[in-house]
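**Q** Line order of the protein sequences matches chains L and V.
Just so you know, the first sequence maps onto residues 1 to 482 in our numbering.
Just so you know, the second sequence maps onto residues 483 to 768 in our numbering.
Be a bit skeptical, because a hint or two may be false.
[As the list claims (entries may be wrong)] Derived BS3-like pairs: lysine-lysine, alpha-carbon spacing no greater than 25 angstroms straight-line: (1) L:LYS139 with L:LYS282; (2) V:LYS598 with L:LYS383; (3) L:LYS383 with V:LYS630; (4) L:LYS45 with L:LYS34; (5) L:LYS450 with L:LYS460; (6) L:LYS45 with V:LYS659; (7) V:LYS598 with V:LYS577; (8) L:LYS296 with L:LYS282; (9) L:LYS383 with V:LYS719; (10) L:LYS227 with L:LYS69; (11) L:LYS476 with L:LYS450; (12) L:LYS139 with L:LYS457; (13) L:LYS476 with L:LYS426; (14) V:LYS720 with L:LYS300; (15) V:LYS630 with V:LYS577; (16) L:LYS296 with V:LYS659; (17) L:LYS383 with V:LYS688; (18) V:LYS698 with V:LYS659; (19) L:LYS300 with V:LYS688; (20) L:LYS139 with L:LYS426; (21) V:LYS677 with V:LYS720.
[What the hints assert, rightly or not] Only some residues are given here: those of chain L computed to face chain V with a beta carbon under 8 angstroms: (22) CYS62; (23) GLN350; (24) GLU381.
Calculated directly from the structure, the hints in this document are not laboratory data.
For every residue, glycine included, the Cβ atom is placed at its ideal position computed from N, Cα and C.
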Amino acid sequence: MNLSQQRAPIYEALSEYRENRIVSFDVPGHKQGKGNPELTEFLGKQCMSVDVNSMKPLDNLCHPVSVIKEAEELMADAFGAAHAFFMVNGTSSAVQAMVMSVCKRGDKIIMPRNVHRSSINALIVCGAVPVYVDPGVNKRLGIPLGMSVASVKRAIAENPDAKAIIVNNPTYYGVCSNLREIVKIAHEAGMKVLVDEAHGTHFYFGDYMPLSAMSVGADMAAVSMHKTGGSLTQSSALLLGKDINPGYVRQIINLTQTTSASYLLLSSVDIARRNLALNGRKIFETVTSLASYGIKEINKLGGLYAFSRELINGDDIFDFDPTKISVHTRDIGLAGIEVYDILRDRFDIQIEFGDIGNILAIVSVGDRILNVERLISALYEIKRLYTRDPAGMLDHEYIEPHVICSPQEAFYSEKKQLPLDDTLGKVCAEFVMCYPPGIPILAPGELITKDALEYIKYAKAKGCNLLGAEDMNTDKINVTVQ
Amino acid sequence: MEMWYTEEQTKNVRFSIRCDKQKYSAQSEFQRIEIFSTPEFGDVLVLDDRIMLTTKDEFIYHEMIAHVPMATNPQIKNVLVIGAGDGGTVKELTKYDTIENIDMVEIDRMVVDACKQYLPTVACRLSDPRVHIHIDDGLRFVRSVENKYDLIIVDSTDPIGPGEGLFTTEFYGNCYKALNENGILVNQHESPFYKTYSKAMRLAHKKIVEFFPICKVYQAHIPTYPSGHWLFGFASKKYHPTHDLDEGAWNRLSIDTQYYNTRLHLGSFALPTYVTKQLMEGEYHN
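Pulled out of the complex, with its shape left as it was, chain L reads as follows:
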């Protein structure tokens, strides 16, 4: 391929479209913003003038033949993929397209239980059955880790008919599995490897980063361009390896994708890709040094533990994302979600998430040292002002699942809503999760255990945002009628 990463075909086509001052008798009805002056005042003329519909000179995301096709080729080239799709309904849609491209109703798919809800959502839609691999758990931090190679081997041996395996690269906390080895053993067993790289866009550009999915021959990867790559929220990309049929994947994507893809999102991916391809190495060098400075300073304080690459053990923590600031908070007697709330309410600092024992701050292309200094200083203050006795705090994030039936079967079964306390021993028919991080505590088809109920109550008491259940307050849970 001989492509210039200097180019940004969608951006160029939109700029030309704007200059040509076309009279539009098509949708959207705001007509370059003129029909909605309040919105135009709020978002800006520049923005509204390129919020346009698919048309010949601007191509069509459902069937790309010109500028979108070129932009996707540039994306594939920049990420070392055989093919790339721009996605406009979030990385969730990319994850779902991966699963549905390789699994049909009744097929088995191997995955760690600490996947994002989007993976299990895909199973509800397509009817595939999960085979969960228990991730390792770090005793001190209480967090689920990556999958060990041994546990993947075991799952493959026990389920030789499985079609594919999903790997988080990395987990929300930044933990990576031994992806190269997993790809090797999965391919030997004839299984496809699908990689959730929602938090791994930067692995394709920085030096000293964990290995990316495409670099080790994985079959598909969902990369969240908007999370760490600098594009607009909800924009994303799906990458394919050489042994996946792009035509079929396009059909799968088009089953659920909008036919009115936003050109704001598409151009943002195009421009972000160009920036990453040209400047990514330098950008992520800066990001890594900001994060490692933050980690070092936080650890100087004592009490709070900013964990990172010292955890690497060659197995279920094969590598660790150096751009994350993950901090264990339990030793100062505060749940992660409490620190998360204090940071926002008292210090005007918004971080990515807080859970039972940890917080996560994401450092990215947009950060400056002065902001990192604020986060560090605020954590110093929180330790000084809020430290409590950690006795009696819940010390684990991971609830071992007991799968009774497939997510699809449970979700579509006859069900009834019961108060939380009456659901012990029943089969859950919906999701229950804290968001963020969006990793299910219970997924449809799983046994409701004492452990899970305790966790839900604790998370509620600490102020976590619980969602997934039909009941908005998660006071009741839908269970299957057995």
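For this one, chain L is given, so just place chain V on it according to the hints.
**A** Leaving out everything else, chain V in the frame of chain L:
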């Protein structure tokens, strides 16, 4: 050719000064720095399109930020000054022989160097042996200091740009911790008059009252600052700025000032009603 410097004080208000010539212009890692000479205001220092000082009216700001806490507690020996790269605050502090140490923390080395070269009448005391200049982020500097200073003066820019971290809860909390039991915190407290400034002023006050038992605000009239009406915060663990003022003791020091005197000290804490109301709003929310 006529040359004018125009500052957009608000979206709808402009303030202009005729200039003779530009003496210095540079972009540092943090901000744009400009110095020019003017017929009316002498030399003017501008950071990111905001006037920081003019040699004609700087005495008002610097005397008020330094002498009010010093007169309240003449025993002050160990001082931390944050920002203040122009040296004006340090110039006033060095008038006290009783001060033993002044740590000055300025984030931008280029401001210090430019002021030393082009504003010598303001930066003249930066070479005093008691003054130790640290080129660092003030927020970063104070967070590891505990129970050390008698006085912290926050002589910052507005809360947009490099000065932002000096208007935060974490910064005020860290300052509280860095002060000893007699400690006083004085800060540049923005203005009550125009909306954007008064918002910053109310927020700053609201955050400071969370930490200090005594929190007062005093005022001065500074012609080249937006609206000309400017405030300073006085937060303290022990000393009350008017009850504990010993006028005679300060006057016996015979310190030479142009704006500050002990009568004015007392009067500067008497605020207009609309200002008091804005401040009380902040206190009420706690």
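**Q** State for each hint whether it applies.
**A** Comparing the hints with the structure gives:
| no. | hint | verdict |
| --- | --- | --- |
| 1 | L:LYS139 with L:LYS282 | violated, 36 angstroms |
| 2 | V:LYS598 with L:LYS383 | violated, 40 angstroms |
| 3 | L:LYS383 with V:LYS630 | holds, 19 angstroms |
| 4 | L:LYS45 with L:LYS34 | holds, 9 angstroms |
| 5 | L:LYS450 with L:LYS460 | holds, 15 angstroms |
| 6 | L:LYS45 with V:LYS659 | violated, 48 angstroms |
| 7 | V:LYS598 with V:LYS577 | holds, 19 angstroms |
| 8 | L:LYS296 with L:LYS282 | holds, 21 angstroms |
| 9 | L:LYS383 with V:LYS719 | holds, 21 angstroms |
| 10 | L:LYS227 with L:LYS69 | holds, 23 angstroms |
| 11 | L:LYS476 with L:LYS450 | holds, 15 angstroms |
| 12 | L:LYS139 with L:LYS457 | holds, 22 angstroms |
| 13 | L:LYS476 with L:LYS426 | holds, 13 angstroms |
| 14 | V:LYS720 with L:LYS300 | violated, 31 angstroms |
| 15 | V:LYS630 with V:LYS577 | holds, 22 angstroms |
| 16 | L:LYS296 with V:LYS659 | holds, 21 angstroms |
| 17 | L:LYS383 with V:LYS688 | holds, 21 angstroms |
| 18 | V:LYS698 with V:LYS659 | holds, 19 angstroms |
| 19 | L:LYS300 with V:LYS688 | violated, 30 angstroms |
| 20 | L:LYS139 with L:LYS426 | violated, 29 angstroms |
| 21 | V:LYS677 with V:LYS720 | violated, 32 angstroms |
| 22 | CYS62 | violated, 44 angstroms |
| 23 | GLN350 | violated, 14 angstroms |
| 24 | GLU381 | holds, 4 angstroms |
Hints 1, 2, 6, 14, 19, 20, 21, 22 and 23 from the list above are not met by this structure, while the remaining hints are.
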